[in-house]
Structures are given as structure tokens and as C-alpha cells.
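Letter by letter, the chains look like this.
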Amino acid sequence: MDIRTPPREAIISVQNLSKIYKVGSERVVALDNINLDIYTGQVLCIVGTSGSGKSTLLNQLAGLEKPTHGRVLIGGRNISAFTEDQLAKFRQRYIGFVFQSYNLMPAMTALENVQLPLMFRGVPKRARIKAAKKALKEVGLADRMHHKPSQMSGGQQQRVGIARAFVATPKIVFADEPTGNLDTRTTIEVMRMMVRLSRENNQTLVIVTHDQEIAAYADRIVTIRDGVLIEDKPNQSLADRPEDEQALLEQALSSEHKAEP
Amino acid sequence: MKISDLLGTCLRNLTRRKLRTILTVIGVVVGTCFIVLPISLGIAISVNNQKMLEQWGDLTLIEINNYGNTETPLDDAAIDSIRAIPGVEVVTPIMQMQVQGEVKMFAGRKNRYQWYAWNVVGMSAEALEKLGYTTSEGRMLTPDDVGSKKIRVMFGDRTAYDFEDTKKRWPNNMVDYWSVGEGEELPDPFFDPLETELTYQLSPARENGKPVTFQLEVVGIFKGDYRRGYETVYGAVMDIEDLKRIQQEYEKANNIKKDKTANKGYETAKVKCVSMDHVAEVEEAIHALGFVNTYSMEQERQNMQESARQIQLILGFIGGVVMIASAVSIMNTMYTAVIERTKEIGIMKVLGCELFHIRAIFLIEAGLIGFIGGVVGDVISFVGSYILNLVGSTIQDGGAMVEGYTTQMSIIPPWLAVTGIAFATLVGLVSGVYPAHRAVQVSALEAIRTE
Ligand SMILES: Nc1ncnc2c1ncn2[C@@H]1O[C@H](COP(=O)(O)OP(=O)(O)OP(=O)(O)O)[C@@H](O)[C@H]1O
Ligand SMILES: [Mg+2]
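Listed in order, the protein sequences are those of chains D and F.
Counted from 1, the first sequence has number 241 at position 241 by our numbering; the numbering is strictly sequential.
Counted from 1, the second sequence has number 1314 at position 314 by our numbering; the numbering is strictly sequential.
Bound conformation, chain D alone (with noise of 0.2 Å):
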């Protein structure tokens, strides 16, 4: 049962899907026969502790992995099955990525970084300009377009990110992590433009997180314990919440506050 009614057909479909890693002569079970169905236009948060599993879950379903079993379908197409070929061109027409080191071009500035999706489409270099200039825009970037990462915060550093995740408006954007390095503040503000940016275009959002804080913001969060999905639950995203947010951010500004002697 869902908080948002989305449409019953699944954009990621997650079958039996299972990942084995070899070390030596030991086997590591990352994840142990997952099955899950993400609808269009979610917002999904997987959680878990360290070393759960969450990371693993999400490079299979932006095809990064092969999985040792099962298969994940996105559009009703098994990516499990694609060439390194077709993942790319599929990566590059339907998916986003937010990572949690920003991983932004360090001899590039901000507008470059968020033309490159466009630019491995062929997108025209003025077409591209005037789309990551209103991505960075969207961000609350206009006045950062010519810095280079090493000239900007990490928390400006990963809304460059996510104007690149969100420039070729993707189906789909998955983020690991994406504030593990930000503090709370940034954090709430990273969260809440990337809620923002997919419901404006309908897009379906998996995040990965240990913090439930941040799971918060999901309409739906899924709980994975040593490569097994144990909990799937709906949830009422912090983002449609104004009230609860503006006590969280407050609780969390005070709490710095005392941290500072």
C-alpha cells in the first residue's frame, strides 16, 4: 500500500536477484535472492547497516555489476543482459548518477561538468550550455558556472552533481550516499532539491543511505540485512512535510550550536 498511487507498472523490476563475490576461496554473499519492483515517479530509499548490501543492490540496477543470479528489467528491457555497448548507450539516455564523492571533472568547471551527459548524447554545445545553465540555476548555482570543484564547497560540489544527474532529465536517477560527506544543513537542502527535481518531472529516485534521517525524505524505504531484503515499507516523504522539516533543521542547527563551545 502506497502513500502516492503510481501506476502498477513497475520502471525497475528486480527478479531473484542475487551477487556473489569470490575472494580467494571464500564466497561473500552481498545479496541473497532480491526481488522488488520500484513504480515510476517513486522516491526509494534503501537502507541498512555497513557492509548490508545497500551499494551492491544499487549498481546492479544501474547495470555498473552483472548479477551472479536472477536479473533486474528496466522498462520491461533485461539490462542484466545488455553488452557493456548498450549499458552505455542506455546509462546514457535513461539514467542519472549522484555519487557520494561528487566524482565531478576536477579540470572542469561547474557548467562543463554538467554539459557532459549531454555532451556523450551529441548534444550541440549551444543547446548543452543553455540546458546546464539552467540546471546549475535550478541548484542555486548561477554565480558558481566557471569554478572548478577545488573552488567550491562540498555541498556546492554535489549540487553541481545533481544538476549533472538531472540535466538530460533521466528516467531514472540513483544516488549512493549522496550526503555522506555534507553536514545536516546541507544535507536537508541536497535532499530536498533532489525530492524537488524528480517530482517536477515525474522521474523515479533510488537513494542509498545508512541515515534515517534521510530515508525520511522517501516514499518508500526498504531495509536490506546481509544481502536480504527484510523490510519494504511506505512512507510519507519529510519533503511534503514542511512543519516536521523546519523542527528537524532546527533541532539539528542547535545541536551544532551546543557542539560549538
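These are calculated hints, taken from the structure and not from any lab test.
A virtual CB, placed ideally from N, CA and C, is assigned to each residue, including glycine.
All clues given are correct.
Derived DEER-like restraints, expressed as beta-carbon distance ranges:
id, chain 1, residue 1, chain 2, residue 2, range
1, F, L1007, D, P234, 49 to 55 Å
2, D, A142, F, F1356, 31 to 37 Å
3, F, T1336, D, R196, 41 to 47 Å
4, D, K134, F, L1007, 24 to 30 Å
Place chain F with the ligands on chain D using the hints.
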């Protein structure tokens, strides 16, 4: 990705690691120079050889000597079949007047001036121009001149000076033109051959024989050129048909019977080929017709070319070795770049960069290093070539030089410059193949891995 974006990305990457790029490019520059300069030296050697041979004689000319060949006469039919050989531009028999007695030419009132006309040559008028004979005065003898009543001839440019004044005594009987200093104007001969009627007299061998005389008209004067033949300096040339006619009349008047068993053909002939490249073939074809005694510059030319080629090969080999070293250096640079940029490559893959484009980026970067190295190497080679020629010419100025003939030590023709760049680029591309392959294999997961 668009081509412009690919190129832009590559240039950005190269300029990002400026020093390393420059060092790698320097390797290619040295390699290119070591290939272009040695080849330019080799080219200069063969060009100089050619010039030298040209000074010795016409490189497209084959001379046939059939004296003493009793089996195959070099007659008009044989001349026709030589003319039919592909690559032959023109062929002419060469014939000297054969007279037992004295042969003289006279000019002036009462035959005051006389010349012992021992060098009168007959060849076909149409061949003269094609054989490279040129005139200094008057015009060239043409086929239209053949058979006229006054026999038309060409003079060598010193022939008129060779006439002596029978009314004067030695040494005043000759115009002194040999002690004239360089650059000074020559004195006039006793008469202007172009304006003077000449008498050609062939005396009989025996006491009771009758001399035969003909009236001659000089239509032009050759530009003297020993390489073409002595007749262009001290001699006279008429068409071979006229010469044969004179010969016949002389023989008739003196009742000379032709020896029936003697070779009826000509003794010598000259064959001019369309170009240097035809000489070897044509010469072979002439041998096949039965005329084995031929002479051309071809053999010398080939020998010289061969040794020039060997020098070039040795020097080029050194260049090749240097180029291999720079190829290894490009490969090293690109491989290092792949390792350094592993994370970037992973990010690009996650953001949807196609494998083909990742490969292209690394190949183009390697190719650009080669290309830039090739261009700079060419520029430096041109400078080096210029300096070599400058040094070379000052050395030569010290020694005795043939006038109007400066030897170059190094020549870089356009094709060599282009080849230099193309080769350097190719070396770059080939060196980039393996690093590019490794780049393609980088996993997208590298983007997520934290160090
Ligand atoms: N490439 C690999 N080779 C071997 N084992 C791996 C590999 N990647 C992950 N694992 C193992 O799989 C399990 C799940 O790892 P994963 O990175 O998915 O955890 P996580 O939930 O993302 O943890 P964290 O919150 O710390 O990021 C771990 O036990 C890890 O050691
Ligand atoms: Mg993780």
C-alpha cells in the same frame, strides 16, 4: 559525442599535463628529424648525382655503335623498327662524309677564306631540336630544308673562326678569338656565315679525278655544347639525305664502286627516349634487335642511385630506431594517463560515454602527440636542412666550383614533409592502441570506488 567534442576533450587532456605532453612530443620531434633529415640528405645526393651526370651528357640518350657488325645492318629499316620501340622519342642515324681526298669549304671573293671541312655530319633534320640542339643565331635546320639546290647546313659556333685567310700569313691568317678574356665580346669572324655563300669542295683521291663542288647556305649556328657533340662547336651539320646525295654524286664522278659485301647500314645512330625511366627498357629492346653495342648514362645513373639508396637506407634505419623509442615513450605516457584517469574513465562510463568514444579519446590523444611531434619535427628539419645547405655552400665557395651549379646537401621535397607528419601520427596512433584498449576495459565501478 561529436568529433569536435572528442578533439576538444583530447586537447584539454593534453594541455592539462603540459610538461609530460611536451616531453613526449620532444621524443617524436627527434624521431621525425632523424627520419626526415637523413632522407633529405639521400635525396640531395641523388639529385646531385643526376646533375653531375647531366653535365656529362644527356641522360635520355642512347648511342648505337654498329661498326664491325656484319650480321645486322643498321639500315633505314632498322632505324624504323627502333623508332617503333615504345618510349623512343626520336632516332637518327649519324653519318660522316667519306671522301678519299681533301674536303674544303670556301667563302669570300675568289674563295679567299678556306676551311678543312673534316667534321661534316649528317643526321635527320627533324631530330635536331628533340636531341636538344639549340641555336645561337639564325634558325634550326628543318625537314623542309632537305633537297634544296643550295644545300642548307648548320654551323658550329666556332666553325666560322676556323676559316683561314689565304691572303695572309701565319699568325694573322686567323681571327684570334681564343685569347679573349672572360666576359669580353668575341671579335667578328672574317665573314658572317649567315650572309655568305659557301662552296663545298670534295677533291678526288687520284690525280686525274674531278673535284665535285656544291653551293652551301648556312641557316643557323648552334649553341656550342660539347655534351651534344663536337659538331656544335667545330663542324657543320646537314640532313642525312643531302649528305647521301653528295656522297653519291662524288662517287659517281670518281667512278667509285661500292663494295657489295660491305655493311650497307649506318655506323652509328642516336636514340632519344621520352624520359629517363624509359632508357633501360629501350636499350634492352635495341639489344634485342641485334645492336648490342650501345652506350647510355643509364648504367652509371643506376649505380649512383643504388649507392645513394643504400646511404639513405642506413640513415633511415637509424631514424626508425629512434622512432621506436619515441613510440615506446608515447605508449608509456598514454598508459600512465589511463592509470591516472581510471576514476575519470569510470565516471564517464557511468554518465553514459560509449566505449567507442573512450577508445577514440585515447587514440586521438596519442595520435595528436605524434602529429604535433611530426609538425614540429618537420619545422626543425627544415631549419636543419637550411643550416646544412648554408654550411655546405660556404665550404664549397672555398673550393673550385662549376659555374652556375651549387650543390645542396639536404633537400626536403613536399612529399617528404607530408610523409614525416603522417608517419609520426601513425606511430602515435599505433602506440595508443594498447593504452586505449586498457581504458575501454576500465570498469564503471571505478567511479564509485573510494580510495
Ligand atoms: N568487489 C567486491 N569483492 C568482494 N566483496 C565485495 C565486493 N563489493 C562488495 N563486497 C562485499 O559485499 C558486501 C556488501 O557490500 P556493499 O558495498 O554493498 O555494502 P554497503 O551496504 O554499501 O555498505 P556501506 O554502507 O558501508 O557502503 C560487503 O560484505 C562487501 O565486503
Ligand atoms: Mg555502500
